[in-house]
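Visitor: As they're listed, the protein sequences go chains A and B. Mind the numbering: the first sequence is residues 1 to 66 in the working numbering, read in order. Mind the numbering: the second sequence is residues 1001 to 1252 in the working numbering, read in order.
To be clear, the hints were calculated from the coordinates, so they are not data collected in a lab. Each hint should be verified, as a subset may be incorrect.
Stated by the list, open to error - Lysine to aspartate or glutamate pairs mimicking EDC-like chemistry, simulated, CA-CA at most 20 Å apart:
id, chain 1, residue 1, chain 2, residue 2
1, B, Lys1085, B, Asp1124
2, B, Lys1085, B, Glu1119
3, B, Lys1085, A, Glu39
4, B, Lys1085, B, Glu1113
5, B, Lys1085, A, Glu56
Said to hold, decoys possible - Computed footprint of chain A on chain B, listed as stretches where at least three residues anywhere in the stretch have a Cβ under 8 Å from a Cβ of chain A:
id, region
6, 1016-1025
7, 1054-1063
Predicted model, so just to flag it, every value in this text is computed and none were measured. Beta carbons are placed, not taken as given, at the ideal position from N, Cα and C, and that holds for glycine.
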Amino acid sequence: MTVVVNGEPHVAAGPMSLADAVALLTAAPTGVAAAVNGEVVRRAAWTSTQLSDGDEIEVVTAVQGG
Amino acid sequence: MDDPLLIAGESFNSRLIMGTGGMPSLDVLDRALVASGTELTTVAMRRLDPAAAGSVLDLLAARGIRALPNTAGCYTANEAVRVAKLAREALGTDWVKLEVIADERTLLPDPLELLTAAEQLVADGFVVLPYTNDDPVLARRLEQAGCSAVMPLGSPIGSGLGIRNTHNIELIVESAGVPVILDAGIGTASDAAIAMELGCAAVLLATSVTRARDPELMAEAMRLGVAGGRLAYHAGRITRRRYAQASSPPAS
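With the rest of the complex left out, here is chain A (with noise of 0.2 Å):
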């Protein structure tokens, strides 16, 4: 299965969780958003939020700007 995580092709082995989708990019989300396939998934989902073949997963956090 191979699903894309901001913009970059990941390839799992197994199922995979939004969780270990954010996993891949930060140990501490505090402060970061997900949506998967452009649909935000509130941060208590993200454990039981499984991806499918092709999902694309946007992580997004705040930066200076503004």
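Once you have looked at the hints, place chain B on chain A.
Guide: Leaving out everything else, chain B in the frame of chain A:
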């Protein structure tokens, strides 16, 4: 004098809202934010970069400054609504500085997309602070849509051209029932003072501080400019006269 800024029922002692883009380092940003006296500061939402050093959120939290996420870089209502929802989830705030721009060259707001996004976000429970054109009609439509403030530009983002149409800003202030926050175009402290003298409730600025030769010093200048302009607004300026009026009694 006790003169708090009220937005959506929240009270702020400072009438200077800061942006954080363009600072050379987090350390300079930190010193400038402290010098500005700001209590509310914008941040942008971007893909998480695992290599990024330091966090603007940690800095704001350490200083007790509230983070105001923006939708900078969005060109459509759909994009802006999506970014606002991401920001709400990431930062745990339903406040958003709504930006929907039309093109990269001018960074001017796209009025139709802006209003559409504002309506959707208000319906979804957001406290919407829209960056808008200096158009009194659009400002009124945004207020009618339920926005908690209107934030007209003085001139294009980052241009430092000051307030190009003071008359329109006055018209917006005159009829608005929500705070009017002058957003974008401020070049130096006198521009911030003029915005406050025109009756704006607050000023939002970034570039004029972040790209100043000495950002910390300019941040202090902006704090004083905003405070001075606000006092002058309350004090009431004199009427302009065509000819002189002696300020000393006549020599008999």
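Visitor: Need the status of pair lysine 1085 of chain B, glutamate 39 of chain A: alpha-carbon distance at most 20 Å?
Guide: Holds - the C-alpha atoms of glutamate 39 of chain A and lysine 1085 of chain B are around 9 Å apart, at most 20 Å.
Visitor: Are the Cα positions of lysine 1085 of chain B and glutamate 1113 of chain B separated by 20 Å at most?
Guide: 17 Å, holds
Visitor: Can you confirm whether the C-alpha distance between lysine 1085 of chain B and glutamate 56 of chain A stays at or below 20 Å?
Guide: Holds - the C-alpha atoms of glutamate 56 of chain A and lysine 1085 of chain B are around 17 Å apart, at most 20 Å.
Visitor: Given the hinted pair lysine 1085 of chain B and aspartate 1124 of chain B, is their Cα-Cα distance within 20 Å?
Guide: Answer holds: lysine 1085 of chain B to aspartate 1124 of chain B is near 9 Å, not above 20 Å.
Visitor: Quickly compare the C-alpha distance for lysine 1085 of chain B and glutamate 1119 of chain B to 20 Å and report which way the hint goes.
Guide: 14 Å, holds
Visitor: Is the listed coverage of the region 1054-1063 of chain B by chain A valid when you require three or more residues with a beta carbon under 8 Å from a beta carbon of that chain?
Guide: holds (count 3)
Visitor: For the region 1016-1025 of chain B, count the residues whose Cβ lies under 8 Å from any Cβ of chain A; is that count three or more?
Guide: Coverage by chain A holds here, the residue count being 5 at a Cβ distance below 8 Å.
Checked against the numbered hints above, the structure breaks none of them.
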